[in-house]
Amino acid sequence: MKNEKASAKTSEGVGLGRKGVMSEKAEAHGRYFVECHDAFGNLKFRDMIDNLVTTAGKNDALDKYLSGTGYTANFYIGLVSGTGYTTGAVAADTADNHAGWQEDVNYYEATRPAAVFASAAGGSKSLSAALTFSISETTTIKGCFLATESTKGGTSGILYSAGLFSGGDKIVSDGDTLSVSYTASL
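Quick note: the sequence shown, position 173, residue 173 per the UniProt record's numbering, numbers continuous.
Derived by calculation from the structure, the hints in this document are not laboratory data. Beta carbons: idealized from backbone N, C-alpha and C, even for Gly. There could be a bad hint or two in this list.
Pairs of lysine-lysine, DSBU-like flavour, derived with a Cα cap of 30 Å [as the list claims (entries may be wrong)]: (1) Lys-152 with Lys-170; (2) Lys-25 with Lys-125; (3) Lys-58 with Lys-170; (4) Lys-152 with Lys-44; (5) Lys-152 with Lys-125.
Here are the computed distance ranges between Cβ atoms for each label pair [to be verified]: (6) Ile-171 with Lys-25: 36 to 44 Å; (7) Val-105 with Lys-44: 18 to 26 Å; (8) Glu-24 with Thr-94: 26 to 34 Å; (9) Ala-39 with Leu-66: 44 to 52 Å; (10) Ala-39 with Thr-94: 30 to 38 Å; (11) Thr-132 with Gly-168: 17 to 25 Å.
Kindly generate the complete structure, drawing on both the sequences and the hints.
Right, here's the structure in full:
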């Protein structure tokens, strides 16, 4: 008789795989909406600006929001001039150093108009009402910016964002009114 032995062997394998990567990304961006009416109320142009949020603006937002302390900011909108323009806004621009462009101050308001924001909804925060610039002389406007200083031509505070019109330069004249709205999103 033959001696047969049977051995039971168990083989188990475990594999671990990952089909996808969960990731969250918040990108700060915004959009300006601008309308210009002449002295008679006729629409001269309507344009929008997809802006660049500067590194200083992003850092300021992160420092304030994630610091765990109370913070209140005042923001103001200014106009980018066609005079002295060489390049648009870049991430490294700051309120005191934006070498490729300068502010256009050819409007009657004594200071930059104050940006008053409504409550955030859907990941966006918009101005509660459009801001008005009463143009004081013929000039070329290239875009808009958002900063924390109210002084026309001022270079202190934080430059949060800036951008150029999507439809090119805009010539405005004494008596024209620019209405500017802004929406920031994450």
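Hints and how they fare:
For the proposed pair Lys-152 and Lys-170, the alpha carbon gap of about 20 Å is at most 30 Å, so the pair holds. Restraint check for Lys-25 and Lys-125: the C-alpha separation of about 18 Å stays at or below 30 Å, so the hint holds. A distance of roughly 28 Å separates the Cα atoms of Lys-58 and Lys-170; the hinted pair therefore holds under the 30 Å criterion. For the suggested pair Lys-152 and Lys-44, the alpha carbons sit about 25 Å apart, so the restraint of at most 30 Å is met.
Taking the CA atoms of Lys-152 and Lys-125, the gap is about 24 Å. The hint holds against a cut of 30 Å. In this structure, Ile-171 and Lys-25 meet the distance hint of 36 to 44 Å, their C-beta atoms being roughly 39 Å apart. In this structure the hint that Val-105 and Lys-44 lie 18 to 26 Å apart at CB holds, the actual value being about 20 Å. Between Glu-24 and Thr-94 the beta carbons are some 28 Å apart, a value that agrees with the proposed interval 26 to 34 Å.
Under the hint 44 to 52 Å, the C-beta atoms of Ala-39 and Leu-66, about 47 Å apart, fit the expected range. Distance hint check: the CB atoms of Ala-39 and Thr-94 are about 36 Å apart, consistent with the given range 30 to 38 Å. At about 23 Å, the beta-carbon gap between Thr-132 and Gly-168 stays in the expected band of 17 to 25 Å.
Hint violations for this structure: none, all hints satisfied.
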